[in-house]
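*Asks:* What the sequence shown shows, in our numbering, is residues 352 to 579, in sequence order.
To be clear, the hints were calculated from the coordinates, so they are not data collected in a lab. Among the clues, some could well be false.
Said to hold, decoys possible - For lysine to any residue, the following SDA-like pairs were computed, each having C-alpha atoms within a straight-line distance of at most 25 Å: (1) Lys484 x Gln543; (2) Lys420 x Asp400; (3) Lys376 x Asp364; (4) Lys451 x Gly407; (5) Lys484 x Pro552; (6) Lys434 x Asn456; (7) Lys420 x Ser563.
As the list claims (entries may be wrong) - If you anchor each label on the Cβ, the simulated ranges turn out as follows: (8) Gln476 x Glu399: 22 to 32 Å; (9) Leu359 x Arg460: 37 to 47 Å; (10) Leu361 x Glu399: 42 to 52 Å; (11) Ala497 x Arg352: 47 to 57 Å; (12) Ser371 x Gly575: 34 to 44 Å; (13) Arg362 x Gln476: 26 to 36 Å; (14) Pro372 x Ser480: 34 to 44 Å; (15) Leu366 x Leu444: 39 to 49 Å; (16) Val427 x Glu516: 52 to 62 Å; (17) Asn477 x Ser371: 37 to 47 Å.
All residues carry an ideal CB built from backbone N, CA and C; glycine is no exception.
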Amino acid sequence: RRLNLSPLPLRIDELKSRTSPDDLKDLVPPVPMPPSQPTRGDSVLTVEDVSFHAAGKSILRNIHFTLGKGECLALVGANGAGKTTLLKHLNGLNRPTEGKVVVLNRATRSQKVSQLARFVGAAFQNPNSQFFKLTVRDEITVGAQALGCYDESWIAELVRLFELEPLLNRAPYRLSEGEKKRVGFAAALAAQPAILALDEPTAGQDMFFRRSLGRLLADLRQRGQAVL
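Could you put together the complete structure from these sequences and hints?
*Replies:* Structure below.
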């Protein structure tokens, strides 16, 4: 519409045939990034040759990578490739059939899920899967309280970062999908974990949410947060 195209093109190839790269380059401004990217810090996560079998099937095979403090790593793959399965290895919901996962020098195989929850904050693809409190305020504080690391000033900072102040007394189930995502992210960060694991954080979200998420992740990286 901003290019005054009539009729509006309905396919990418049609758009390309009726425009030039110069026409398109300024339509969607890039996500603003911080002046300098943080230096990759000490490793907080090591996945060493992890394989995982379930129900007689090989889901993961020889996965190997590290994640450093202040680093943001995108794990990309087709539906069913095993991304969520791998994510569940970080907090102990899954245990590797072979290889090992090490979180802050702790092998997950020897740690309880409750212990790993202190170091790995996970936000699911469907936020409804993780909600269990009646208000947003309770949802974002209950984890930190249960883990004994509640910090009122940090909770207030999360409320500011995710613009949750108007939502604190509302039921999380009754929010928009974008609002639910923000609550899920805040809840995952409430215990100040070393690793923030986001499962398809942009799924079903519009351009404005994606740009806001990009700015937020850049801010978290500047604070030394590791993000997967």
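*Asks:* State for each hint whether it applies.
*Replies:* Verification of the supplied hints:
1. Lys484 x Gln543: This hinted pair holds, its Cα atoms lying about 20 Å apart.
2. Lys420 x Asp400: 21 Å, holds
3. Lys376 x Asp364: Roughly 16 Å separates the two Cα atoms, so the pair holds.
4. Lys451 x Gly407: 20 Å, holds
5. Lys484 x Pro552: Cα-Cα ~21 Å, so holds.
6. Lys434 x Asn456: 23 Å, holds
7. Lys420 x Ser563: 22 Å, holds
8. Gln476 x Glu399: 22 to 32 Å: For Gln476 and Glu399 the Cβ distance comes to about 26 Å; the hint holds.
9. Leu359 x Arg460: 37 to 47 Å: For Arg460 against Leu359, whose Cβ atoms are near 55 Å apart, the range 37 to 47 Å is violated.
10. Leu361 x Glu399: 42 to 52 Å: 48 Å, holds
11. Ala497 x Arg352: 47 to 57 Å: Check passed, 49 Å falls within 47 to 57 Å.
12. Ser371 x Gly575: 34 to 44 Å: About 42 Å separates the Cβ atoms of Ser371 and Gly575, which means 34 to 44 Å holds.
13. Arg362 x Gln476: 26 to 36 Å: Since Arg362 and Gln476 have Cβ atoms about 28 Å apart, the given range 26 to 36 Å holds.
14. Pro372 x Ser480: 34 to 44 Å: Between Pro372 and Ser480, where Cβ atoms are some 41 Å apart, the hint holds.
15. Leu366 x Leu444: 39 to 49 Å: 43 Å, holds
16. Val427 x Glu516: 52 to 62 Å: 34 Å, violated
17. Asn477 x Ser371: 37 to 47 Å: Holds, at about 40 Å.
Hint compliance for this structure: hints 9 and 16 are broken, all remaining hints hold.
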